[in-house]
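Number of protein chains: 2
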Amino acid sequence: MIHFDIKKIDSLEKSFRSNLINSIHGVKPVNLIGTKNNENLENLAIFSSVIHLGADPALIGFIQRPLTEFSHTYKNIIETGFYTINQVNKSIFKEAHLTSARFERQISEFEICNLKSEYKIDFFAPFVKECFVQIGVKYVQEIPIELNGTRLIIGEIQHIFIQENGIDIEGNLNPKENQSVGVNGLESYFEYAELEKLPYAKANNILNQQKIK
Amino acid sequence: MIHFDIKKIDSLEKSFRSNLINSIHGVKPVNLIGTKNNENLENLAIFSSVIHLGADPALIGFIQRPLTEFSHTYKNIIETGFYTINQVNKSIFKEAHLTSARFERQISEFEICNLKSEYKIDFFAPFVKECFVQIGVKYVQEIPIELNGTRLIIGEIQHIFIQENGIDIEGNLNPKENQSVGVNGLESYFEYAELEKLPYAKANNILNQQKIK
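Protein sequences, first through last, are from chains A and B.
Using our numbering, read the first sequence as starting at 1 and increasing by one per residue.
Using our numbering, read the second sequence as starting at 1 and increasing by one per residue.
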């Protein structure tokens, strides 16, 4: 096997190391975070760091990178308290990727990247109309990660919109129907093919099967 | 579209809500975390909450659920300071899934779930031999998320092992070569098919293209 120890990792060329560490744990889900500021200036940005935090209460997190003058998503969330998380799908992953560019604040990525903002049920932040899974989130807390200046942004899920047929009777979303995509590292996009749904793993059953063998 | 507001989410049957919130942001990468305690008792557990935190220094995180008597991974990490994160692949996802069962601490999931532990370069914690991508991690910090009793566990990447052909010349891992898999919700496993690698998005290029149109 190829081996990188910490000394070698530290000495890697910057972009190689970034690709390596960004892809090291697998292909990540991709979402668009929609916000606007109090002057109704919209913003849209792609994130591959959205993470499940808990189902009861329904909490969802994402990692905010160290702030720069371009961290409009973060600024709008703190200023207004609301944002949307929208699953990127196969029809719009190219447009979604473009939102990663560093646009000035007065430019709306919705407009420049050809995605439509959608407002509904009096929710403050814009959803992405083209997305089959849309989540309306209320900001709850930010937790600084002082080691590297990132922060975990935590929100409460207040609204979920899913296209018809996008969810099964057990509550699981259907990645095929929703044309969900993932990203490997920073630039390579993937779609999904189902392998198998496995039963809930029970210790006693597994131990008994081992005994039979 | 189907709409769940917060009132409806709160009133959902527990397992339905768990599936919904666990699958709401997309298909997650799947990793096995290998540990042992100071008495050399091994443990192996599957996690779908591993997350990229930063490339320089190379940090990796995962979400630890509220502790129970079965939280052996967490106990071993705090006790010993070291763990491994190993990408689950297509050949072993069924065995990996079994590690989610609640086994008593004296039982090694390596043994009972038919996966082989591997020790190398004097690293304290066991790697998973069957995995094509193995990461040796040193525990750095835990950050409590008081809202729901979970915690973000942060580690520094000290060693990376990747099979030959598992990484490209730019540093990106190859999900096809590594037979990487993802999980939707808690039980449905997926493999990946590449859509496209997109170029780095530059604001000026995008703005100029818009002008041409």
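Any given hint might turn out to be false.
Stated by the list, open to error - Result set (DSSO-like, lysine-lysine): computed pairs, CA atoms no more than 30 angstroms apart in a straight line:
id	chain 1	residue 1	chain 2	residue 2
1	A	129	B	8
2	B	120	B	138
3	B	7	A	211
4	A	176	A	129
5	A	90	A	138
6	A	94	B	202
7	A	90	B	211
FYI, nobody ran anything at the bench for these hints, they're computed from the structure.
query = Going straight from one Cα to the other, do residue 90 of chain A and residue 211 of chain B come out at no more than 30 angstroms?
reply = holds (26 angstroms)
task = For the pair we were handed, residue 94 of chain A and residue 202 of chain B, check the Cα-Cα distance against 30 angstroms.
result = Holds - the C-alpha atoms of residue 202 of chain B and residue 94 of chain A are around 13 angstroms apart, at most 30 angstroms.
task = Could you grab the alpha-carbon distance between residue 129 of chain A and residue 8 of chain B and see if it respects the 30 angstroms cut-off?
result = holds (22 angstroms)
ask   = When you check the alpha-carbon spacing of residue 120 of chain B and residue 138 of chain B, does it fall within 30 angstroms?
value = With a Cα-Cα distance of about 15 angstroms, the restraint between residue 120 of chain B and residue 138 of chain B holds, given a limit of 30 angstroms.
ask   = Holds or violated: are the alpha carbons of residue 90 of chain A and residue 138 of chain A at most 30 angstroms from each other?
value = holds (27 angstroms)
task = Take the C-alpha atoms of residue 7 of chain B and residue 211 of chain A, compute the straight-line distance between them, and say whether it is at most 30 angstroms.
result = With Cα atoms ~47 angstroms apart, residue 7 of chain B and residue 211 of chain A exceed 30 angstroms; violated.
key: Restraint status (C-alpha distance of residue 176 of chain A to residue 129 of chain A at most 30 angstroms)   = Distance ~19 angstroms between residue 176 of chain A and residue 129 of chain A Cα, so the pair holds.
The structure shown violates just one earlier hint, number 3.
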